Each structure stands twice: as C-alpha cells, then as structure tokens.
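Participant: If you want the building blocks of each chain, they are given just below.
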Amino acid sequence: MDIRKVKKLIELLEESGINEIEIHEGEESVRISRGGSSTTPVQYSVPPASAPAATPAPASGGDDTASEEPIDGEVIESPMVGTYYAAASPDADPFVSVGSTVEKGDTLCIIEAMKIMNQIEAECSGTIVSVERKNGEPVEYGDPLFVIRP
Amino acid sequence: MDLSSVLHELAAGEWVSGERLGARWGVSRAAVSKHMKRWRPHLEALGLTLCSERGRGYRLSKPIDLLDEGLLSAAPVPVFARVCLDSTQLEARRLMLDRELPFAVVSEHQSSGRGRRGRVWQSGFAEGVWWTMAVELPCAPVQLGGLSLAIGAALGDCLERECGVAVALKWPNDLLLDGGKLGGVLLEVSGEAEGPSHALLGVGLNTGRVPPAVDGQQAASLALGQGRRSQLLVSLLSACWTVLQRYPESGFSPWREKWQARHAWQGRQVSVTGAALSEACSGECLGVDEQGALLLDVGRERRRVVSGEVSLRCR
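Protein chains in written order, with the working numbering: chain L, 1 to 150; chain V, 1 to 315.
If you are wondering where the hints come from, they were derived from the structure by calculation, not from laboratory data. Hints should not be assumed to be uniformly reliable.
Restraint ranges, calculated between C-beta atoms of paired labels, are given here [to be verified]:
1. V:K37 to L:S125: 50 to 60 Å
2. V:E160 to L:E140: 34 to 44 Å
3. V:E249 to L:C124: 29 to 39 Å
4. V:Q217 to L:V98: 47 to 57 Å
5. V:A280 to L:E140: 12 to 22 Å
6. V:S250 to L:A87: 50 to 60 Å
7. L:S89 to V:A45: 17 to 27 Å
One side only, chain V facing chain L, incomplete, derived with CB under 7 Å [what the hints assert, rightly or not]:
8. P141
9. V142
10. S148
Taking beta-carbon pairs under 8 Å as the criterion, some of the chain V residues facing chain L (in silico) [claimed, not checked]:
11. G145
12. G146
13. V185
14. L187
15. E188
16. S190
17. A193
18. S238
19. A293
20. L295
21. D297
22. G299
Remember, predicted model here, so these are calculated numbers, not experimental data. For glycine and all other residues, C-beta sits at the position ideal for the given N, C-alpha and C.
Based on the provided sequences and hints, a complete structural model is requested.
Facilitator: Here it is as structure tokens:
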C-alpha cells in the first residue's frame, strides 16, 4: 500500500473522532488505531509476495491526488527478528528521520537480538521518505523498516 | 610527563620522592611539583587519590595493577592499550577507520563504558579488564545470532581454567559469579546483507574491588592478585579469538551444550519482559536453541525469545 495513502489515513483519523480504521485493498490491509497504549499504532499486513512500494496503488475513487502518485523508493526490510532501535542509545538522536539524506552504508537503525546490536545499513544513497517503525518495537524478518528515495 | 608515566612511577602505592621522579624524568624538583599539580585533577577524575607530603614525596592512596604492554603482545591480535577512554567500543570504531582488522583495544578506565542500551558500565580504574575486539568475519551479520552466547560460554571455560572459579551464565550473555554480575558481553555488528560482517566484541569483567549494586543487581569480582590482569587478559583474548575464527562456519551449535551446562536458570521459572514483547511471558526455562534464542515452556506451548530481559519469577 502506498505510504502516502497510509499517511493520509492517519491524518484523516486525527481529524475525525474515530479511534480505529481498517482498510482492505486487495490482499493488503492496514489498521490504524489511536489511544493511550499505542505501542503499535500502525499495523501493516502485507502478503508474502508483496508489491514493492514503487508499484502504483490501485486507483481508489479519486479521493485525492496523493494516492495516485506513489512514492518512488526502495523499501529497506528487516533482515532478522529482534527489537528495533532508532538510536544508538536511549538519549541519543535517532540515526535518521523522514527527510534525512543517507549515503550507501550509513547506519539507519539497530536491531537487537541476543544482545547483538545489528546495525542496519542503507543499501543505497538517497532520502528517507518513510520510517516504518517506532523505537523499541519488535520486528520480524522481512518487515519494512524504511523507504529510501534514491 | 604524560599520565601514563606518572601512573607507572606511582603504581606501587608507595612514597616516591620528588628528587627521584625528577631524576627519572630528567627535570627539576620544582618541575615535578608543577607536573603533579597539573595531573592531580586528572587522577582524581579517574578515581585515584594523589597524596603528597613534604620530605616524603608522592604516592597514590592505593596500589594499582597496571596492564603490562609487554605481556599483552602475546595476544593473538595486536592490542592497543590505553590509560583512559570514553569506551573501548568507541575507540575501536575510531581505529577501524584506518587500522587493519583484527585488533583489540583495552583501557584501564572508561568514562562512559557501555552496557546494553546505553547503560553505563561501571569501570573503576584498573579494577577490571574491559576490551573490544574488532574483527571481520566471512559471513552475513544475521548469521551471528548466537555469537555472544558462544563467547560467554568460552569466557566461562577460560575463567574456570585460569582462576578456578565456577562462572554461571544468564541469557543472553551476562557472566555471574556466586549470583553476582561478574561481567558482560556486548556485540555490535554491521556489514552488507551478504557479508562480510564487521563485529565489535566488547567484554567487561570485574577483577578488583566489587562495584556497587546497580538496580538491585549485586556485582561480583574475580578479586585477582596483584600483577595478574595482563596474563588473564591475554588468555581471554585468545579464548574469544578461537570462537571468532570458528563461528562463521560452525554457528552456535558447538557451544550450545557448554552454554546450557553453565546456564544459571536452567529449569527455573522465569519471566521475560521487554519493550518488544506485547505481553510479559513467564514459564519454565528450557534452555537455548541452535540459534541461541531462549526457550520457555509457557504451559500450552513453547515460546522462543530473542530479545528481552529475563528475571527469576518471584513466588
């Protein structure tokens, strides 16, 4: 699903009085909820052979232009199961945020498992257009972590 | 006079006259006095107290067991020995930019030694051995999952051989002695998806005074005799090096049984908590699998834990 569409949905939710919204689109679905304990406010459910982010999302009633203009970008996926950390230590700035420019090989985040801090590096140079995870969240193998526009 | 030479002259903790120091350094007594004045606050920052007395000279309030660079040259990789650092992990990262791998960095003192997730590692001056080994390994970063456990098991064997102590292990990689925390392992890994991997293996072990408890966790120390740190460090570096050379091909399997034999909480009821767990899970600790993940029997099923904090369950 197009990241911009998800962003739009979050904005819609924020403007409305609704607490939770779930959208199904073909095989993909996304559920966004708000509330106090929001450990995972955005939940993705992507089929195993998911389309890359660069594939245009199916036209959906022409509600806005954003959804018809997909983001060009490379999705950085988690190579492992573990805990996602956005920064080197709890009081440090995150390695990257939306808008950051990165060089190939720059550290994007750390995934910890068995006390091994695995630095995930940018596979290409570009601009971070989306950060898919929050600090301290669990990640599974293949979960999207970032979208980089080369 | 650099800090290192001041420390070497005064390491014994006995009085050394200004004249003798002057003769050693080829300067006047007045110059010695000036130097000492300059170094006093630095020594204090390292937790060392410089005593001075008219007619007797200078001494440190207690003897310190400095690492011997000559002995360290017997290590399997080149060793950079420092007096004080922010942390050996950070220094190793800086050195990696223009030094050939592998190498090791050791320091008598760390001002911000790192435990997991930015927790400060207590490192009193020369009261422990803390080092980082920087290596390149011919495998993908994600294949190194059980490496920190393998290192823990190998360190346990080495300490038993060298010091005659029975070290227990807490998942994933704390070293315990008589229930107190003796040391820990921190592994930072980077590299391209298909490899090779660059690994910074950080280890800290208390060898001197027992540090204060942190967050209710008692500490422990090997309480080594004077003059034994360097030789022990060489043995520990060798033990790590052996694991690092073998691991890319063998994975964790060869160390799994050794690890479980030292597992402090094998068969005990434990709880695992952590930001990455949707809910705390508790159960009987079954041991670790071939990747080093912790296995829990939570009643109806087995849970496999790769990230989290394990604690003994209170009854």
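Participant: All hints are to be evaluated individually against the structure, with a verdict given for each.
Facilitator: Hints, one by one, checked against the model:
1. The hint said 50 to 60 Å for the Cβ distance between K37 (chain V) and S125 (chain L), and at roughly 52 Å that hint holds.
2. At roughly 38 Å, the beta carbons of E160 (chain V) and E140 (chain L) sit within the given window of 34 to 44 Å.
3. About 31 Å separates the C-beta atoms of E249 (chain V) and C124 (chain L), a value consistent with the hinted range of 29 to 39 Å.
4. For the pair Q217 (chain V) and V98 (chain L), the supplied restraint of 47 to 57 Å is violated, since their beta-carbon distance comes to about 38 Å.
5. Restraint check, A280 (chain V) to E140 (chain L): a C-beta distance of roughly 19 Å satisfies the suggested window 12 to 22 Å.
6. Taken as a hint, the range 50 to 60 Å is violated for the pair S250 (chain V) and A87 (chain L), whose Cβ atoms sit roughly 34 Å apart.
7. In this structure the supplied range 17 to 27 Å holds for S89 (chain L) paired with A45 (chain V), their Cβ-Cβ distance being about 22 Å.
8. Here the hint on P141 (chain V) is kept, as its CB sits about 5 Å from the closest CB of chain L, short of 7 Å.
9. At its closest, the beta carbon of V142 (chain V) sits 5 Å from a beta carbon of chain L; the interface hint therefore holds under the 7 Å criterion.
10. The interface hint given for S148 (chain V) is met, as the beta carbon of that residue sits about 5 Å from the closest beta carbon of chain L, less than 7 Å.
11. The restraint placing G145 (chain V) at the interface with chain L holds, with a minimum CB-CB distance near 6 Å, inside the 8 Å limit.
12. The closest approach between the C-beta of G146 (chain V) and any C-beta of chain L is roughly 7 Å, which is under the 8 Å cut-off, so the hint is satisfied.
13. With a cut of 8 Å, the hint placing V185 (chain V) at the interface with chain L holds, because the nearest CB-to-CB distance is about 7 Å.
14. A distance limit of 8 Å between C-beta atoms decides the matter here; for L187 (chain V) the minimum to chain L is near 5 Å, and the interface restraint holds.
15. Because the closest C-beta pair between E188 (chain V) and chain L is about 5 Å apart, less than 8 Å, the hint holds.
16. Of the supplied interface hints, the one on S190 (chain V) holds, with its beta-carbon coming within about 4 Å of a beta-carbon of chain L, less than 8 Å.
17. Hint status for A193 (chain V): holds, given a least beta-carbon distance of 6 Å to chain L, under 8 Å.
18. Annotation: S238 (chain V) was flagged as interfacial toward chain L, and the flag is violated, the nearest CB pair being 22 Å apart, outside 8 Å.
19. Annotation: A293 (chain V) was flagged as interfacial toward chain L, and the flag holds, the nearest CB pair being 7 Å apart, inside 8 Å.
20. Contact between L295 (chain V) and chain L, as hinted, is not supported at the beta carbon level, the nearest pair being about 13 Å apart and thus beyond 8 Å.
21. Because the closest C-beta pair between D297 (chain V) and chain L is about 19 Å apart, greater than 8 Å, the hint is violated.
22. For G299 (chain V), the shortest C-beta to C-beta distance to chain L is roughly 21 Å, which exceeds 8 Å, and the interface hint is violated.
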